[in-house]
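Engineer: Below are the chains, spelled out letter by letter.
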Amino acid sequence: MPDVALAAKTVQLKVLRYRPGQDAEPSYGTFEVPYTDDMSVLQALQTIKDELDSSLSFRWSCRMAVCGSCGMMINGTPKLACNTFLRNLPKGPVTVEPLNNFPIERDLVVSVGDFVKKIESIYPYIIPKTPKTVEEGPYLQTPAQMAAYESFSDCINCMLCYAACPQFGENPAFIGPGAMALLQRYNGDSRDGGQQKRLDTIHGEDGVWSCTAVGVCSEVCPKQVDPANAINQNKTNSAFDFFLRFVRKDAR
Amino acid sequence: MSESRPYRRPIDPKWWWAPGPYRAYTLRELSGVAVALYGAVLFAGLICLVSGPMAWDSFLGFLRSPVSIVLHLVLLAGVVYHVKTWFETLPKTMPKMIVNGKQVPATEITRKAQMVAAGCSLVLVVIAAWAFR
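Going down the list, the protein sequences come from chains A and B.
Take 1 as the starting number for the first sequence in UniProt numbering and just add one per residue.
Take 1 as the starting number for the second sequence in UniProt numbering and just add one per residue.
So that you can see chain A by itself, here it is in the shape it has in the complex (with noise of 0.2 Å):
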C-alpha cells in the first residue's frame, strides 16, 4: 500500500456517499489517492479506507475478477474495481459511484436482494428430464451439447448487466439479464428437464418482455456471458409457448 503522505504523483476519487444514519440523500466525496502504475480502482478505494477515511463502505472479496462483489460505476460505466486500472482511465478525478438502478445501502454498497430472489425464481438447478439412479451411470453430454450453453454459466452475479439495463431501472421487477442468462444456462443444457417449468416464470412484461434489446447488457459483462442472447432466444421461446400452449400434451 503506497505512503500517502509521501507520495510523488495522486489520482482524485469522487465517491458518491451514503450514510443512511446522517445523509439524506448521497453526495459527492473527494479523496487524493497516491498513483501508480499497477493500481486498481479497488485498491484506490482500500487506500482510500486504509489511511484517509475508514468509515468508506464497498465490497470487494477475490481481487480477481472471479467472485463479482467489487461492481461499481467508474466514471459513469458499470464496471468491476479490480480489474479497472487508473492507468487505463482518462485523466483527471475518476467519479466513483455505486451501481446504477439499484437501492442503495450505504456509500458504494447495494441492496442485492431482489436480485438474488429473482435468482431463486428460475428454479437455477438441473431437473433431469428422466431421474438416474447411481447405478446407472452419469448424465453424458458432448461437446457440442455443452458449447450451446457453457458460455452462459460463466455469469459471476455481479449485476453489471442489471446497472446497464435502461429497462429494469425503468422497471425494477424486470426479471433482467444475469437471472435469464442462469436460465439459459439451465434451459440450454442436455440434461435439463425443467424448460417448460422456467418459461412460465418469464411470460409477460416482468418477465421477458421488458427488454427491448438494448444489449448494453451485454457489451458491459466482464466474463462475455452475453445475457442479451439469453433473453432475446426466451423471448422467442415465450411467443411460441404463447402460441402452442393450447396444444401441449401437458397443456393445464
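Treat the hints loosely; a few may be bogus.
Below, in silico cross-link-like pairs of lysine-lysine (BS3-like), each with a Cα-Cα straight-line distance of 25 Å or less [what the hints assert, rightly or not]:
| id | chain 1 | residue 1 | chain 2 | residue 2 |
| --- | --- | --- | --- | --- |
| 1 | B | Lys112 | A | Lys235 |
| 2 | B | Lys112 | B | Lys102 |
| 3 | A | Lys223 | B | Lys96 |
| 4 | A | Lys14 | A | Lys91 |
| 5 | B | Lys96 | B | Lys112 |
| 6 | A | Lys49 | A | Lys14 |
| 7 | B | Lys84 | B | Lys112 |
| 8 | A | Lys132 | A | Lys197 |
| 9 | A | Lys91 | A | Lys49 |
| 10 | A | Lys91 | A | Lys9 |
| 11 | A | Lys235 | A | Lys129 |
| 12 | A | Lys223 | B | Lys102 |
| 13 | A | Lys235 | A | Lys223 |
| 14 | A | Lys235 | A | Lys117 |
| 15 | B | Lys14 | A | Lys14 |
| 16 | A | Lys129 | A | Lys197 |
| 17 | A | Lys235 | B | Lys84 |
| 18 | B | Lys96 | A | Lys197 |
| 19 | A | Lys197 | A | Lys235 |
| 20 | A | Lys117 | A | Lys197 |
| 21 | A | Lys9 | A | Lys49 |
| 22 | B | Lys96 | B | Lys84 |
| 23 | A | Lys235 | B | Lys96 |
| 24 | A | Lys129 | B | Lys96 |
FYI, nobody ran anything at the bench for these hints, they're computed from the structure.
For this one, chain A is given, so just place chain B on it according to the hints.
Structural biologist: Positioned in the frame of chain A, the structure of chain B alone reads:
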C-alpha cells in the same frame, strides 16, 4: 435496530440519448421508422393504382418531385442503417450456432447475413432495371 434506509437514485430520464451504446440503440430503433415510412409510400402508390389512371399519374408526379427525391434519399439512408444494425443485433436474438462442436462467432453471422442482404438487394435492383429498360 437496523439502520438500513435504502436510497433509490432516479433513473436518468434522457438515458436513451446518453452518448455511446444507448444513443446507438435509439438511432437503430428510430431508423425502423424509415422502413415504415417507405412502406407507407409504397402502400399509397398501391392505393393510387387501384383508384384509377388519374390517381396513379399524380402519384408518379409526386415521385418525380424534388421533395420526393430528397425524402427517398433520406429514407434510403435510414433503411441502409437499419439493415446494417439489424444484422448486428441478429446474433443476440437467435440460439447459439454450433458447427462441428464450436460456436460460430457473432461477427461472422452478422457479416454473412449482411452479405446475403446486400446480394438480395443487388439482384432486386438488377431485375427492376431489366424490367423497366
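Engineer: Tell me, which hint numbers fail for this structure?
Structural biologist: Of the numbered hints, all hold.
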